[in-house]
Amino acid sequence: MNEQDEIINRMPIRLSNRLSLQIHQFPLLSRPLQAPPSAEASGKRITARIKPQSRVLEIHVPADTRTEVYNSERGHEFGKGQLDDDREKNQERKGGKGREGEEPRLAEIRLRSEEIPHRGVQMLGIVHENELHLHPISATHQFRPTLTYLDILSRKSKRRGGDDSDSDSDDGPPPDPDEPVPVTAAKKKEKKATAGDAKEVQVSARRTDDKAGNLSQLSNARKEMLAIIRAEQDESWQDLQFCGMTTEEAGHSLDQFFSYRSEELHCSTDVTTFLTAAQKA
Amino acid sequence: MSETTSGSGSKPKAISSLAKRPSEVTRQGTQKLKFVPTLPARRSKDAEPVPDTIPASSNDRGRGRGRGRGEGSGRGRGGPRPPVEMVASGPFALGPAMAGTSSSRRFAQAATPIPAPSKTKASSLGAGLSQTAAPKIKREEHKLEKDEQDEEIYSDADEGVEIIDMENVGQMDWMAPDSIIKEKTKRPKKEDPDATVNIANALDGDEDEADEKDLETMFDDFNKMNYDADNDSQYLCLFQFPSPFPTFSAQLSDTMQTDVPVTPGSKKVTFAPDVKLETEDLSSTSEVKELDGLIGHLEVYRSGARKIRLGNGIVLDVSPASQPSFLEHAVHLDMKENKLAILGELFRHYLVAPDIDALLNAMDALDSGSQTVLAGEENLIRMDIT
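So the protein sequences, as listed, match chains A and B. Under the numbering used here, the residues of the first sequence are numbered 36 to 316, in order. Under the numbering used here, the residues of the second sequence are numbered 508 to 893, in order.
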């Protein structure tokens with residue numbers, strides 16, 4: 036750093052931590068998260084819901100259902116799939132504005148969140164009145180569209196398609212790496228024997244793992260994972276009111292973001308804690 | 508390498524060659540993917556060259572939207588130019604340096620969130636999107652440039668043929684696909700037949716340009732944020748501080764801290780007991796002392812450097828982090844009222860790291876201070892293990 040470097044501007048930094056802030060990331064490159072104008076016109080809005088214990092959010096964005104960009108047949112097909120999927124997972128929306136008579140159709144894009152662990156401390160900073168206001172961010176969520184209705188539909192079609200297909204031809208789940216796989220080992224031996232002299236070898240393969248999965252053989256990690264998944268599925272959704280950027284509630288939250296007291300806070304740690312804490316960890 | 512079909516046939520289309528030329532590797536060491544169309548970009552008049560340019564579009568790796576893209580970069584250029592270096596599409600393809608432009612582009616659109624839904628015609632539905640109230644200066648210049656150039660090339664519309672500018676396809680309708688963001692070339696008017704030399708130079712030039720641009724944009728950012736009273740508090744920035752963030756507390760004389768009950772709004776989301784996640788100390792406890800006050804200063808230097816000076820001699824360097832090209836919202840989750848309020852879109856990412864000189868000095872001071880001085884130590888020989 037050269038010594039002639041002069042300070043052009045000096046901005047005070049203020050800290051506040053009143054709110055519970057999150058960062059939401061969306062797979063959108065060039066447009067904001069909005070409902071399409073056609074959906075807005077028909078009164079549909081973006082909605083959100085959360086499972087607080089599992090820390091999963093879902094944002095539902097209404098889809099553009101104009102005939103020139105929307106395939107109604109597939110829409111109905113997927114809608115039915117989605118309804119079945121919802122029923123299975125026990126997350127069906129109660130009451131659908133007389134939807135009982137009408138056939139369900141896929142009219143929204145569901146974005147499901149996944150929490151991303153933080154590296155370091157994330158702070159949101161806004162420059163306001165020549166002051167930088169900082170606020171810690173508690174979580175970062177990445178949103179991706181969920182297409183779970185496709186699972187249901189493919190399951191139905193598979194069931195319909197292969198009734199007599201045995202478990203051999205079925206693409207079951209890949210073999211559990213924790214569980215022993217004796218089948219391939221036996222086959223290999225057979226091959227080696229025939230490679231030398233032509234001996235008759237009888238090989239019998241016995242699978243110790245069933246399709247059903249012997250629970251006692253699952254490792255702890257898998258049990259934990261399954262437990263987490265099950266807990267998440269059992270938890271029910273809590274609806275949230277989605278307030279866009281331009282709404283009054285958002286303005287109110289933004290007001291709460293800023294730091295208002297101008298007292299100086301006392302710092303009790305030193306620059307060295309960055310290194311010493313890292314050494315301890 | 509010439510831009511004719513024969514030349515490009517000798518080079519692999521989708522995957523960059525194994526022999527790494529310096530121009531092909533970004534600063535971070537990752538491979539830059541290069542795509543060259545099989546046909547040179549030609550100034551096209553409406554329908555005729557469409558069948559010709561379709562094979563060219565197969566080069567493009569735009570996922571499933573290749574057709575329109577291939578044409579787009581060929582047609583929208585306007586004027587005979589050397590073939591376009593098409594960059595891979597997707598959110599991460601632009602690389603850390605270039606993503607700054609894309610984020611700024613998107614940010615401009617967000618300024619006017621919802622266009623008036625009154626128009627129901629398909630072609631005019633998306634029209635309101637592009638007319639932003641507060642366009643970025645860079646973007647506006649680029650647009651004006653483009654408009655001037657594009658004005659010339661369009662021939663008169665025949666009956667039944669609608670002239671579409673491929674760069675603005677995304678603005679035609681809500682559901683219209685997005686065009687690939689064009690790289691701004693320093694030498695747009697040069698029609699150099701010696702394409703190889705030009706391309707290599709262009710790539711290097713772009714790299715330096717991008718890095719300079721980063722510092723410049725940071726410079727502009729803080730100044731802009733400062734003096735732009737109209738757009739005050741519209742720029743949301745993400746600062747990534749090193750962990751652990753220095754602990755602050757209200758002045759020792761102020762004992763009000765302990766009495767004030769923690770407002771529900773400041774409670775962080777509770778965690779399920781058996782979930783292991785790397786979390787911040789701040790957020791794992793439900794009792795967070797409410798902080799509100801001045802902690803330090805952000806110093807802006809003439810050289811473009813930024814430093815944050817907090818109490819206790821903490822000096823931190825601020826540098827631009829890799830800018831994500833996707834949309835990010837800063838959101839307030841109010842569990843008490845079941846509300847999810849969007850505060851805004853993130854504009855920039857900054858990386859904050861301790862100033863090394865200050866840190867080393869402080870560590871030295873810490874080490875020398877904690878050393879226990881034995882009696883007659885000066886006579887002993889010191890074995891430095893560190």
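No lab work stands behind these hints: they were computed from the structure. Built from N, CA and C at the ideal position, the CB exists for glycine as well. Some hints could be false.
Examples of chain A residues toward chain B, derived with CB under 8 angstroms [claimed, not checked]:
no., residue
1, His59
2, Asn255
3, Lys258
4, Ala285
- [ ] Starting from the hint list further up, note which numbers the structure goes against and sort them upward.
- [x] 2, 3
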